[in-house]
Amino acid sequence: MKRKALSIFLASAMSLSMLAGCGSAADNGSAPADTTASEPAATETAATETAAASADVASEGEHELSVYAWDKNFNIPALEAAEKAYQTVDPDFKLNIVEQSASSDVENAITLAASSGDYSQLPDIVLFQDHYIQNYVTNYPDAWMDLEDAGIDWSDFGAEKLSYSTVNGKHYGAPVDNGTSVFAYRTDILEECGYTIDDVTGITWDRWLEIGRDVKAKTGKYLVSMDHNGDDLPYMMMQAEGKSQWKDGVPYFVGNEDLKAILNVIITGAKDGVIYLCNDWSEYTDTSIIGDQVAGVFNGNWIIPTMEQVAENSGKWAITTAPTLSGKEGYAANGGSSLYITGNCSKPELAKAFLAYTFGGGEGAIATYDDALRNGGVITCCISASKSAVYQEGVDFFNGQAIYTDIVAMGANVPVVEQNDYHYTARTQIQAAITNVINGADLDAELQQAEDQVKFEMGL
Amino acid sequence: MEKKNKMGLLAKQKAAGWLFLVLASAMIIVMSFYPMVQALITSFKTGSSANMQWASPLIYNYKRMFQDKMFMKSVGNTFLYLIVQVPIMLILAILLAQLLNNKDLKFRGLFRTFIFLPCAVSLVSYALIFRTIFATQGLINIILTNLGIINEGINWLGTTSTARIVIIIALIWRWTGYNMVFYLAGLQNIEYSVYEAAKIDGANGWKTFWYVTVPLLRPVIIMTFIMSINGTLQLFDESVNLTNGGPANTTITMSHYIYNNSFGQGVANFGYASAMSFFVFILVAILAIINLKVGDTRD
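Protein chains in written order, with numbering that gives the first Met the number 0: chain A, 0 to 459; chain B, 0 to 298.
So here's chain B without its partners, still in its complex pose:
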């Protein structure tokens, strides 16, 4: 009798658990998975969005993107940001985290807040601020001219190389603090006794960092890597608001081009845009898998 009652309670609890799960799962399915499936279906269609037809052949949109020089250019631009910006940002973040983890440092909290603060700025506003700072008559040019370093204002956003550099600087400014917080959390998690042991073994600062901190931070490093790759591949706000893809489309990112194909240019091509989105999805998946495999230390 007593046992039966207990089972009843357990079953009740289980039922409640399932109820919570069902609600959350239903939300995810409706809000996230259903649109994904719809996007996949859309990616096999062409035509105006009011009257979409199955493409012939079905993979027409997928074939099309590889012949699209603009899209390939945007892929190239995105990978350039990825290869240059992500390593710089993560190395900076880990060094800053290491510095700010020093227990003897004064005003630690203040410094941490300062470095994290850019993350609290909205993507659009920070992009617009960078655009203003780097305008031909902007702050940077005024400072450089007044210091006598340059004679005439540099057209930062009107030249391909400098426009790309500005975007990378902006990205580093915005995201370094964000990644630093993850490393700080990881560092707190390393037992102090490990460092003591290293000290006893005679390891200097650099060796401790390289042979103790980095290996123990590995899971966090992999996570930030995946996140940064994912974030950079979907880079949108900076391309739209900072340079609007210019000059001559040399800073446009994949997401920006996808957006242009669905809304930006007044020619809605949702089928093609969806197909390109799946290309980005596959890229992210492949890179994440490689990352996980490389980072997996289990034998």
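Pulled out of the complex, with its shape left as it was, chain A reads as follows:
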């Protein structure tokens, strides 16, 4: 009896440990393997993904480059456009675009390569998120090559965009998509409530809240929504003020009156039904925007393709700047990415020439971005490339407004604010503070707690 029970125990324990191997974290795999468990998993994906890339790097011809990117509807068409543009200079040129499932795959690939000290699996070039790059260049300097001698005219770019890819005074990245924020409104809904697009341009947040309450009462629609699981509202609103949540490299939450005022706007808005704080990204895009529950959208311009999925709202949208605390027009940016040459690149000359020609301004950039705009909706941050005819065209979805020219013009006005490697840590803590205050906590106490936690995670 006992032996039988014991054998069941052993047999089930064995089958269990086999199950644990099937990649379920809630199973019995041994505890210390926890971090390491996620590591091999990630290595695995990285390995399978890079398998193609590394084979390419090895077998690559003299005129070939490999690159990682993650969005086949957005940045991959931009890279395809760049490949085509560079083929006019070098007809044999070939760009192997290796699609990643998300931007975090690129980040993890760099982390893993740098941690193991083996860069051979990396492609020649990677597309990398702006907010993360500072941290990665600081922590893994060997993983990158700077672009100082690539011959790019840096004055052709907005200062704010360059501030991300410039580390210790050196340019590391060729800026790609423009992250300039747009505040889009449904003009038909505004009209229904007795407002025009001019009434919501250059106003204070207080006035904006008033209009929002009015819109909510009359139409039941929120004036803006945001994914509160990765809440970029505080950051964008602070940037529109020209202010930062950082001061001399440390978090500046406590005693930061601007931050407090802005958080109060968000909290009041959320309580009054003016701002819809979604629990996750799909609720933000699918329910609030595509589900037609909002009369306004405030985010990086990459959100426009999401808005355009609601075909029946074509012609009803218009784009303007953000409100601010003082009532001046607010310019902000959110998201965006740039191209970086990795430490594994065997042909830095070719890579630099390619980036300089296609993304560095001039006719190559015009050719690249005209196609990138048509095929992927990628808007240039290269000022000279926005002078092309394609950019001057009106967009039907926005009632004929030449939004691309407007966005590039707005991008040039975005103020440079202090950034920090711990941007996302701060974002997590600030959004927790907002949630807690909405649920009745005290804002000052929450800000103190958030600041303490960010400082703690920074090791201060």
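Please keep in mind that the hints were generated in silico from the structure rather than gathered at the bench.
When the alpha-carbon atoms are kept at most 35 angstroms apart in a straight line, the in silico DSBU-like pairs for lysine-lysine are as follows:
#1 Lys246(A) - Lys72(B)
#2 Lys215(A) - Lys327(A)
#3 Lys72(B) - Lys259(A)
#4 Lys169(A) - Lys44(B)
#5 Lys259(A) - Lys68(B)
These stretches of chain A come out as covered by chain B in the derived footprint (C-beta under 8 angstroms, 3 or more residues):
#6 135-141
#7 267-280
Under 8 angstroms between C-beta atoms, here's a sample of chain B residues computed to sit facing chain A:
#8 Ser48
#9 Arg130
#10 Ala134
#11 Thr135
#12 Gln136
#13 Leu156
#14 Gly157
#15 Pro246
#16 Ala247
#17 Phe269
Where is the CB? At the ideal position from N, CA and C, for every residue including glycine.
Since chain A is already given, all that's left is putting chain B on it; use the hints.
Only chain B this time, still in chain A's reference frame:
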């Protein structure tokens, strides 16, 4: 001569056995024990993963986690799941097993399959499905509103208490059938004569269950307990995919926080993450030992 030959065969067999053992052991050592030792070494280091330095003092990472309010919060959350979810799940599992062990029940196999089926669903997909069902505009809210039970959709995943309840419901749905199978196997193993004897002694259904079934199932109960504790302490998928730790980090689990420290937030801190993993390891070990001691009936 004959004897010598036989010895030779035995020795050969032994050698073959050792060969098989060596291969398996080498795999385990390389794939499992070596990373564990490396993780232990890493847990005494700090700095970016490309350039790790010995921490000073060596136990810096271990001291740090006790001052880390976020980590302590994640420990609290994990234990909440453990204390609430594991007993409910195991009691449900044992009751279901008892019901489905009834020989007179029709479509037994079908019911067993239905209850076990959630286990065949991948952790990520079931978490995502639960997230969709409990979304503000999700199935549950639509049903409740249409039935007139609530006027406005409940923000299930945006409120701490309900988000935790959703995670616990999801866990129970996913794992009850899994544990039930172990109990069923255990029940098959109990001789029918024992029940007959109980019947002759005049024990009713409840008494038979409590005084015959439960004691005889004891080894299986202890095993499922250890497994569930272990599984819950390492809970990851539900926290990541169902709530992403929110709202305000009130549903984040230890493993999720450990992951965030190594990959999630772009700030790779492998030393600290390894140290926290060893904390989880020690917790699992302590709880397993307590369990074994409590369950040990030998005098």
